[in-house]
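Engineer: For this one, chain E is given, so just place chains G, S and W with the ligands on it according to the hints.
Number of protein chains: 4
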Amino acid sequence: PTTAAQLPRPNPALWTTKDHRIYGAPSPDLILGPDDCIVHVRINGICGSDLHFWKAGEIGTCIVDEDYILGHEAAGEVFMAGSNVTHLKPGDPVAIEPGQPCEECHHCSIGEYNLCPDVAFSGAPPFHGSIRRYHVHRAKYLHKLPPTMTFTEGALLEPLSVVLHAFERSPLRLGSPALICGAGPIGLIALAAAKASGAFPLVITDVDASRLEFAKQFVPECETFLVPIQGLPVEHATAIQKLFLGLGSVEPSIVYECTGVQSSVHTAAFACRRGGEVMVIGVGRAVMDGLPFMHLSLAEIDLKFINRYHHSWPFAIRLMQSGYVNLKPLVTHRFKLEEAVGALETAADKTKTSVKIHIWDD
Amino acid sequence: PTTAAQLPRPNPALWTTKDHRIYGAPSPDLILGPDDCIVHVRINGICGSDLHFWKAGEIGTCIVDEDYILGHEAAGEVFMAGSNVTHLKPGDPVAIEPGQPCEECHHCSIGEYNLCPDVAFSGAPPFHGSIRRYHVHRAKYLHKLPPTMTFTEGALLEPLSVVLHAFERSPLRLGSPALICGAGPIGLIALAAAKASGAFPLVITDVDASRLEFAKQFVPECETFLVPIQGLPVEHATAIQKLFLGLGSVEPSIVYECTGVQSSVHTAAFACRRGGEVMVIGVGRAVMDGLPFMHLSLAEIDLKFINRYHHSWPFAIRLMQSGYVNLKPLVTHRFKLEEAVGALETAADKTKTSVKIHIWDD
Amino acid sequence: PTTAAQLPRPNPALWTTKDHRIYGAPSPDLILGPDDCIVHVRINGICGSDLHFWKAGEIGTCIVDEDYILGHEAAGEVFMAGSNVTHLKPGDPVAIEPGQPCEECHHCSIGEYNLCPDVAFSGAPPFHGSIRRYHVHRAKYLHKLPPTMTFTEGALLEPLSVVLHAFERSPLRLGSPALICGAGPIGLIALAAAKASGAFPLVITDVDASRLEFAKQFVPECETFLVPIQGLPVEHATAIQKLFLGLGSVEPSIVYECTGVQSSVHTAAFACRRGGEVMVIGVGRAVMDGLPFMHLSLAEIDLKFINRYHHSWPFAIRLMQSGYVNLKPLVTHRFKLEEAVGALETAADKTKTSVKIHIWDD
Amino acid sequence: PTTAAQLPRPNPALWTTKDHRIYGAPSPDLILGPDDCIVHVRINGICGSDLHFWKAGEIGTCIVDEDYILGHEAAGEVFMAGSNVTHLKPGDPVAIEPGQPCEECHHCSIGEYNLCPDVAFSGAPPFHGSIRRYHVHRAKYLHKLPPTMTFTEGALLEPLSVVLHAFERSPLRLGSPALICGAGPIGLIALAAAKASGAFPLVITDVDASRLEFAKQFVPECETFLVPIQGLPVEHATAIQKLFLGLGSVEPSIVYECTGVQSSVHTAAFACRRGGEVMVIGVGRAVMDGLPFMHLSLAEIDLKFINRYHHSWPFAIRLMQSGYVNLKPLVTHRFKLEEAVGALETAADKTKTSVKIHIWDD
Ligand SMILES: NC(=O)c1ccc[n+]([C@@H]2O[C@H](COP(=O)([O-])OP(=O)(O)OC[C@H]3O[C@@H](n4cnc5c(N)ncnc54)[C@H](O)[C@@H]3O)[C@@H](O)[C@H]2O)c1
Ligand SMILES: NC(=O)c1ccc[n+]([C@@H]2O[C@H](COP(=O)([O-])OP(=O)(O)OC[C@H]3O[C@@H](n4cnc5c(N)ncnc54)[C@H](O)[C@@H]3O)[C@@H](O)[C@H]2O)c1
Ligand SMILES: NC(=O)c1ccc[n+]([C@@H]2O[C@H](COP(=O)([O-])OP(=O)(O)OC[C@H]3O[C@@H](n4cnc5c(N)ncnc54)[C@H](O)[C@@H]3O)[C@@H](O)[C@H]2O)c1
Ligand SMILES: NC(=O)c1ccc[n+]([C@@H]2O[C@H](COP(=O)([O-])OP(=O)(O)OC[C@H]3O[C@@H](n4cnc5c(N)ncnc54)[C@H](O)[C@@H]3O)[C@@H](O)[C@H]2O)c1
Ligand SMILES: [Zn+2]
Ligand SMILES: [Zn+2]
Ligand SMILES: [Zn+2]
Ligand SMILES: [Zn+2]
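If you read the protein sequences in the order shown, they are chains E, G, S and W.
Per our numbering, the very first residue in the first sequence carries number 1; after that it's consecutive.
Per our numbering, the very first residue in the second sequence carries number 1; after that it's consecutive.
Per our numbering, the very first residue in the third sequence carries number 1; after that it's consecutive.
Per our numbering, the very first residue in the fourth sequence carries number 1; after that it's consecutive.
The following block holds chain E by itself, in its conformation from the complex (with noise of 0.2 Å):
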């Protein structure tokens, strides 16, 4: 299958460049393979890497070097199957998991495959992203949505993996104790999560207290902390610990960081009980200073961390489904697949005060 597969319609797509500028111009061809689908994208959400990769041109060992098409937070509809598929039919409504592993690997091998070295994951250059109309992507790849689920629901679907992933190597126990540490779209889905697992008391933190505001309307239930500016994380720490106490708990035994900022890890380290362990989600500079390591070593406080997910949609689709987490509030803003330049613009822009953004076709 060599020929690129017609198509009924223009095919737009938002593209970044390596000297950091975004534009809209059309998908290049898509070719169907036998276990591929073509998806009409629907929704696509917007995160933090997608403005990392256009402001910064890499993460990580991923650079920029071609223009590529952005996006991998995305729901749609099957268009037309590859000729294996059998689990998908055209019409029928999909969530994209964007990583793509080699599946021969070691790590695939045994389950991880989201430490396959050789993962093609859409949205990450070199490989296209789904803020197209268009998408092809392998068939096993994509998760049928059940018909109570929105494609609004289905793009969210990505980010709620990640918390997935995280809960899942560092679970919460009923009645135990949470610090989330940031309010961003990670920090806030992980609140969720964490109300959602059972955990009480909750406390999420940030630097911004728009965002905790946020929070607080999101999942009543928490408390929220404002990061001061001045002090030490440390003293942060003690703060964040003396709060949980004085709401009839202990301090709690896992903390999960959401914003990769390293004051916070260090927060972090100093807030969460002994013996217990920090979820480093967030992910940020290639080095690390200032660890408090002796008190990680005297308090058998374990550092975690997570790279994407694994087998997560499904659980994160019945998740979704039982009505138990509602994240649908995180969209605050929305934009035409056509007006995706302004939808990241409006990202970027920090005076906008947007949690989630969203861009949608018809």
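Note that these hints are calculated values from the structure, not bench results.
All clues given are correct.
Here are the computed distance ranges between Cβ atoms for each label pair: (1) E:ILE110 / W:LYS328: 35 to 43 Å; (2) W:GLU58 / G:THR148: 44 to 52 Å; (3) E:LYS352 / G:THR148: 37 to 45 Å; (4) G:ILE63 / S:GLN230: 25 to 33 Å; (5) S:GLU77 / E:ILE110: 23 to 31 Å; (6) W:GLU66 / G:ARG169: 46 to 54 Å; (7) E:ILE110 / W:THR148: 37 to 45 Å; (8) E:GLY91 / G:PRO220: 25 to 33 Å; (9) S:PRO228 / W:GLU339: 53 to 61 Å; (10) W:THR86 / S:GLU213: 35 to 43 Å; (11) S:ASP118 / E:ILE110: 15 to 23 Å; (12) S:SER210 / W:THR148: 24 to 32 Å; (13) E:VAL250 / G:GLY33: 25 to 33 Å; (14) S:GLN230 / W:THR148: 28 to 36 Å.
So, partial list: chain W residues that the calculated Cβ filter (under 10 Å) puts toward chain E: (15) VAL287; (16) PHE293; (17) MET294; (18) GLU300.
Simulated crosslink set (DSS-like; lysine-lysine; CA at most 27 Å straight-line): (19) S:LYS144 / W:LYS242; (20) W:LYS55 / W:LYS336; (21) W:LYS140 / G:LYS140; (22) G:LYS350 / G:LYS18.
Idealized CB from N, CA, C, for every residue including glycine.
Structural biologist: What follows is chains G, S and W with the ligands alone, placed relative to chain E:
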């Protein structure tokens, strides 16, 4: 401290005998040790094991040799505190954790104090239980209730602790399907706990349709499966698995068995997904026949068991406090302490369709 | 590739039938797929399941419906490699991992490929096994042997893999006591693995004194316990626990059951320390009676099961290569491929007191 | 019991001061409580932390404010037993577990008594240590030695316990590769423990070639890697990984960091396989810079830490008793109690290339 504590009111109690009678009569005098408190018990829940000690005179190695006082699901107010007690004072609302372990043996030392061979479990012979006005107990095993919690909730912390211990040993991931076998108080609380853990879909079984109706009202998200009197466990299990598949889910990897009935354990084993586990909470006859050994072996399904709980009260209190679970609807009947005999008779009367019966005192 | 591979020599094989006969006859033609290799099998071990397929005609859901070739413990040299095969070439020494899973199902995807419902296990009907000169196999499931390893050792990797999988699911801590029930090849390898795990003291049981003598020579650090024909499992278990206590140890928290015999599983359950686990490696009758249910419940002893292995060969190879275990003494008898029928007859003859019988070819 | 115990001989001790001196002088009088024993200490090992308290005057929050007696790696004979002590009597050989926790706090209650904030650790200021003839200690933390074990071995149980605790938190599977960073006493014992766990291949690093020579003699199966003074951690790590690959292995999924040196922790992080973990046993400066944060995140490598041990002595005793490890070669120098100052000076003198120095008394 070998003289009896002075009590302001009589101390009526509910006794049982080795010849399977129950009667009301005054409690023996209470001796307040320096590490103890005397609690004015405000609520006592009745549990199947109370009925079992009454009707069968023994559970496992605990045998009713002499008359003793029943009851182990209690909450009340501290009336008097021993001289060493610092974390409690008269008037404090507390829940009673009935097991008082030796604190010296290996199991106590490693924190598994539920496995302490020398535990003094109040309510299991020969240790007097809490169905009396005043009960003396080691203060360390009295858990202060938050001001917002009622005594009714406080007395429900005991069965909740059973379930939390089972969930600690066999936790549910967010968005994972869960099966609960048996819709008695333990199964119903397991159902609520499964929902509070973010599990979905939820299926609960019983042989009694009225219990399933109750379950559906109690946790509307659940699906119910009426176990037919006819048919084999493997057939019931196949039908249960179909129910999950019909809900768009896979089979449950965790099954909570909450009946202790042999055929239900077999059904649980067949209904579980390959590679999963059956958490057997239910207890029953000393010996089990007909275990599907080869099925468990080929499918690598583990059988896990629990014996009560350790360190569960703080978790149970926080979970109850969160409002994520509301166990109060389980209390279908209430009796005054003076009518405790009637309470037990009602609990034993299958036609009365009680779920949880509470005995109260002012 | 649908034409038969050209072989330089005849390809004699050992067949069994649904009416419980065995006979030597030529293998069917071999078809070499692009992902396969043809292996000149140099050593085949005989296992109890070979005898079981011969004598009983079935294990679980695997039924001998048509004549097929036995054998699944093999090592040899690559004779011919399919066109896609890159990690092997003719002449390479390899061990054969008999199970060839579907690589598509959920269990394969999460790395538990031993639970794949569509595994093609060579040596279990209807899939031809390796007791023939030339055997064709998916190259991915051929593991290259280090130059220092003999084919004899290579063929012992299969039962070692069984044990390693059990030890992965139920590992032993350094300095923890361990009990092994049954001193057949699996129990003996479990004994060696327990020693290699740093467990001490080690106790192994059998009903057959000669097997225990063998065990004592094989792993001199072990203590042996001859299970009397008389007496109850709980009595045998008490005697075993006393043996541990007499050695200055506590009771074993991990028991490896390697017989599949009902009374031995019961003994294992009673001999285990409170809070421990019984890893049931042995397989037996479809249904087990007399399980000490209340004992398991009160003592919180888990029953775990395994079905073969996944990803074990690299671990088995490194362990064998280390020299920490020496399994070669297990091979008590050797037969030429042409005498394979005699090999199986000897294995089935209890008076011959074989442990592991190897069939070799040059 | 507030009067001093009568001792038959003088009680010389090794003291250190806040101004970084050491001197020999009599121990203060010993008060034997009812739960204590007085031990005639026969062997004391010297550890880096003894030198650190002497030379630096503090470790973490433990500060040398007043003169106190050093030593925490000891074994000896019970000389006198308190009135409540039942498991020991005069003449019994015992190893001393130095930490005496509060037994009341949460961490003690759940069995993690190493994290007890109120532990009285003999040998850490202000609690007098065991480098004296007679030492008083809570009997519960004296572990009876089997008759076959020497006092030299008994005193080695303390560093072995450190390693066993690390291995409990980060165990090695049979046949898995293992990397140990640092070939001091802790790294060497970790090496022996890795071998005793069945790990292979084994690689140990150091910056000091003589330590690596020692390691190779101590555990001949190991490979050594001399960390060059030049070069970056990532480069050293790449070379270490190549060493594993060259041995036919994969990269190590578990790395034991036994130096506490910043660059070595970085090397450990880079040398670890994706999805693995670095168990940081080494302790060092309060704060660590240059942590390869993004590498840990992308590779999902966890950093785990330990603070000493809990419940390790029985395991250490059984392991030592088994003969699987022989730690006696670690003792390179021996001094009489009267020459304890010389022992410490030798330990501090890098030109003396000691590994473990023992102080003995008859
Ligand atoms: N590990 C993974 O696989 C993975 C996947 C997705 C996202 N991420 C990372 O997760 C992090 C969160 O993602 P997001 O989309 O929510 O990002 P975001 O930037 O929208 O949110 C981060 C939040 O942290 C707050 N913050 C900044 N400094 C803080 C401090 N010192 N203390 C407390 N709060 C502070 C910010 O105000 C912001 O609200 C990012 O680092 C992102 O790259 C990781
Ligand atoms: N392990 C522990 O520490 C612990 C603690 C408390 C209770 N328990 C046990 O848990 C079990 C449940 O307690 P409970 O108070 O809910 O008991 P219960 O008797 O009120 O409830 C059991 C329910 O199971 C149903 N049932 C009976 N046979 C069934 C079958 N074949 N299939 C499905 N359902 C069936 C009954 O109709 C009933 O509704 C009991 O065995 C109890 O002894 C164990
Ligand atoms: N789960 C798996 O994937 C798997 C894989 C391979 C083998 N197996 C099973 O493991 C078991 C052991 O295999 P094997 O090859 O060593 O078999 P085997 O028959 O050679 O050895 C079993 C040993 O158990 C002894 N025994 C019998 N009854 C006993 C009793 N009551 N107490 C103590 N010992 C008793 C026998 O005397 C014999 O020595 C078999 O059941 C086999 O089918 C399971
Ligand atoms: N966590 C705990 O509970 C605990 C307990 C005991 C000891 N420790 C710590 O464990 C560590 C090891 O103890 P030890 O007694 O063996 O100490 P040690 O100082 O004798 O040995 C450390 C070894 O590391 C080597 N080394 C230094 N820099 C290195 C580098 N960059 N790469 C590789 N090797 C390097 C040294 O040459 C030395 O041989 C120390 O930090 C000690 O404080 C921790
Ligand atoms: Zn891969
Ligand atoms: Zn105890
Ligand atoms: Zn499969
Ligand atoms: Zn403590």
